[in-house]
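Colleague: One letter stands for each residue in the lines below.
There are 2 protein chains.
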Amino acid sequence: MLDILDAVLAARAAGGRAVLAVVAATWSSSPRPVGSAMAVLQDGTALGSVTGGCVEGDVLARATDLLAEAADDADGQLAARAELVHYGVSDEDALAVGLPCGGALDVLIRPLDDALAGQLQALAAARARGRAARLELALPGGGVVQVAVEPPEELVVAGAVALADALAAQAALLGMRTAVVDARAAFATPRRLPSADEVVVDWPHRWLVAQAAAGRVGRRTSLVVLTHDARFDLPLLEVALRLDLRYVGAMGSRRTVAGRREQLRARGVTEEELTRLHAPVGLDLGGSSPAEVALSIAAELVAVRHGRGGAPLRDTSGALHGSAADGLSG
Amino acid sequence: MLDILDAVLAARAAGGRAVLAVVAATWSSSPRPVGSAMAVLQDGTALGSVTGGCVEGDVLARATDLLAEAADDADGQLAARAELVHYGVSDEDALAVGLPCGGALDVLIRPLDDALAGQLQALAAARARGRAARLELALPGGGVVQVAVEPPEELVVAGAVALADALAAQAALLGMRTAVVDARAAFATPRRLPSADEVVVDWPHRWLVAQAAAGRVGRRTSLVVLTHDARFDLPLLEVALRLDLRYVGAMGSRRTVAGRREQLRARGVTEEELTRLHAPVGLDLGGSSPAEVALSIAAELVAVRHGRGGAPLRDTSGALHGSAADGLSG
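So the protein lines, in turn, are chains S and A.
Residues 85 to 414 (the working numbering) are what the first sequence spells out, left to right.
Residues 85 to 414 (the working numbering) are what the second sequence spells out, left to right.
To be clear, the hints were calculated from the coordinates, so they are not data collected in a lab.
Idealized CB from N, CA, C, for every residue including glycine.
Be aware that a few hints might be false.
Said to hold, decoys possible - Simulated restraints, written as ranges between beta carbons of each label pair:
1. A:A212 x S:G100: 33 to 39 angstroms
2. S:Q205 x A:Q347: 46 to 52 angstroms
3. S:E322 x A:G402: 14 to 20 angstroms
My request is simple: use the sequences and hints to build the entire structure.
Modeller: Rendered as C-alpha cells:
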C-alpha cells in the first residue's frame with residue numbers, strides 16, 4: 085500500500101476516481117504480504133500490485149467495473165460496494181492456470197471515497213514525519229485488514245567517501261534513512277552526498293555515543309564504516325559492536341580487516357562482539373565501482389536481516405523468501 | 085570521472101574554477117581504476133574520489149593550492165601547472181600510515197581550463213546520446229591517461245509488474261538503461277514504471293526477435309523475465325537463451341522453474357542453452373518486497389558479470405574485487 089500512497093493521493097487531489105485493491109489474507113506461498121495494494125485510476129492506469137503479476141488482470145477488470153458504477157453513485161455509498169475476492173490454485177497446477185506463483189489470497193476491492201482518502205492522507209503524513217501509524221479497512225462479512233507505517237530504519241555511514249553516496253542511494257530504495265558522519269568538513273557536505281538524508285560533521289564515534297545516549301540507535305540502526313583510518317575506525321567499532329545494532333559492516337582489504345580485529349581485541353572487544361562485525365563488508369559480487377560495491381553492501385544488509393547466505397537461488401534449495409516456514413513463492 | 089562530470093560542468097558553467105584529480109596509473113590493490121576522478125571546486129567542495137578515501141585529504145590540499153594559484157593566472161597557462169603525484173605504501177604498513185587500502189597509484193592533478201572543459205562537455209554529450217567517446221589527458225613527463233564513455237548496458241524486463249520498476253531503479257544506479265516490455269497496455273505505462281527509460285507494449289518474444297534482427301541486443305543486454313505466465317515466458321526464453329546475452333534470469337517458484345525447464349526442453353532448448361538461465365532469479369537474500377527482490381536480482385547480475393558466488397566476503401578468501409589477478413583491495 086505504502087508504495088502507491090503518494091500516486092493515489094495525487095490522482096485523488098486532481099479530482100480523479102480510483103479503486104483500491106488490498107491483500108487481506110494470504111495462504112501458503114502467495115508472493116506479496118497482507119496490506120500490499122494495487123490501485124486502478126479513472127484513466128485505467130493500474131499502480132502497484134497484489135501478487136507478482138498473477139491475478140492483476142482479473143483485479144483490473146473488477147476494479148474497472150467498480151469505477152464505472154462509482155461514476156453513477158453518491159460518494160457516501162461507495163464503501164458499501166467493496167468486495168472480497170478469493171484467488172487460489174495449488175502449486176501443482178501452477179503453470180496451467182491462475183496463480184503461477186502458487187498459494188492463495190483474499191483481495192479487498194473497494195472504491196476510494198472521501199473517508200478512505202482522509203485515512204490515506206493521515207498515513208502519508210505519518211510516514212513523512214517518520215512516525216508510526218496504522219490504517220484498518222473493514223472487510224465485507226466482518227474482520228479488518230491492517231496497513232501499518234513504521235518509522236524508517238536508519239543507515240549510518242561513517243566516512244564521506246564517494247561510496248557513501250552510492251550506499252545512501254541503495255538505502256533509499258530499501259526505504260531506509262541515511263546519515264553520513266565524517267569529521268572532515270571539506271568532505272562531509274550535502275553537495276557531495278546528495279542521496280544522504282543527513283550529513284554530520286563530527287568524529288563518528290563521538291556522534292554515535294551521543295546518539296546512543298539519546299536512545300536514537302538500536303535494532304533499527306545499521307552502521308557501515310568506510311573511513312579506512314584506524315584513528316576513526318577503532319573507537320567507532322569499539323562502541324558500535326557493544327550496541328545491539330541491526331548490522332555493523334566495515335570496509336577494508338583482508339589485511340586491514342585482520343589487523344583491525346587484532347587491534348579491537350587489544351582494546352578489550354570480546355570474540356562474541358567481533359562476530360557481529362561484517363568485514364570485509366558486502367557479498368562477493370566482484371564489482372569495484374562505487375555503485376557495485378554499494379550494491380554488495382546493501383545485499384549483505386538484506387541477507388543478514390533475513391538470515392540468508394547470498395548464494396545464487398538456482399544453486400540453493402528451500403524457500404525463496406522470508407523464513408523457511410513461509411514456503412515457496414515466486 | 086563520469087560520476088562527477090555533470091557536477092563539474094555545472095560548477096564551471098556557473099563561473100567557478102575547479103581542479104581535477106584523475107587516477108593515471110595503479111599498482112597492486114589500489115581500490116579505484118585508472119580514470120577515476122575527484123574535483124575540487126572553488127568553494128572547497130570535493131566531489132568524487134581517487135581511492136576509497138585514503139589519499140583524498142592530500143589531493144584536496146594540493147588542489148586547494150592550485151586553485152589559489154589559478155586565481156592569479158592567465159587561463160591559457162593553467163594546463164602547464166598540472167602535476168603527477170605518486171602515492172603508495174606496502175600492504176604490511178597499511179594500518180599505520182598512508183594508503184590503508186593497500187597498493188599504489190599516480191594521480192594527475194590539473195586545473196580545469198577552457199580546453200579541458202570543452203573536452204569534458206564532449207564526453208557528457210556522447211554519454212547523453214548513448215555513444216562511445218574517449219578523452220586523453222597528457223601527463224607531465226609524457227604519456228596520457230584515457231577516460232572512456234561506453235554506451236550504457238541495457239536491461240530488458242519482460243512483465244510490467246511492480247517489481248519491474250524497482251528493478252529499473254536498481255539498473256539506473258548501475259548506469260544501465262531499462263526497457264520494460266509487456267503485451268498488456270493497462271500495465272505497460274510510464275506512469276506505472278517511472279524508473280524505466282522505455283516502456284513497450286508488445287509481446288516480449290516478438291519484440292526481442294525484432295530487436296535481435298536489428299542488431300540491438302547482444303553481450304551488453306541483460307534480460308529478466310517477470311511475466312509469470314507460460315504463454316509469454318516460454319516463447320521469450322526459447323528466443324533469449326539462443327542469443328548471446330550478458331544475463332538471462334526468470335522469476336518463479338521452484339516448482340514453476342522446474343516445470344518451465346521441462347517445457348523448454350520439450351521445445352528443443354538444449355541443456356547447454358538451459359545453463360544460461362538463472363532461475364529462480366536472484367541471490368539468496370530472503371527479502372520479499374519489490375525493493376528487496378530487485379536488489380537480489382541486481383546483485384546476481386553483477387556477480388555473474390564478475391564470475392562471483394555471492395557469499396559474504398567475510399566467509400570467503402581471495403580478491404575482494406574484479407578477477408583474482410587484481411589482488412586485494414578495500
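Colleague: Give a verdict on every hint.
Modeller: Going down the list of hints, with the structure as the test:
no.	hint	in the structure
1	A:A212 x S:G100: 33 to 39 angstroms	holds (35 angstroms)
2	S:Q205 x A:Q347: 46 to 52 angstroms	holds (47 angstroms)
3	S:E322 x A:G402: 14 to 20 angstroms	violated (29 angstroms)
Violated hints amount to a single one, hint 3; each of the other numbered hints is respected by the structure.
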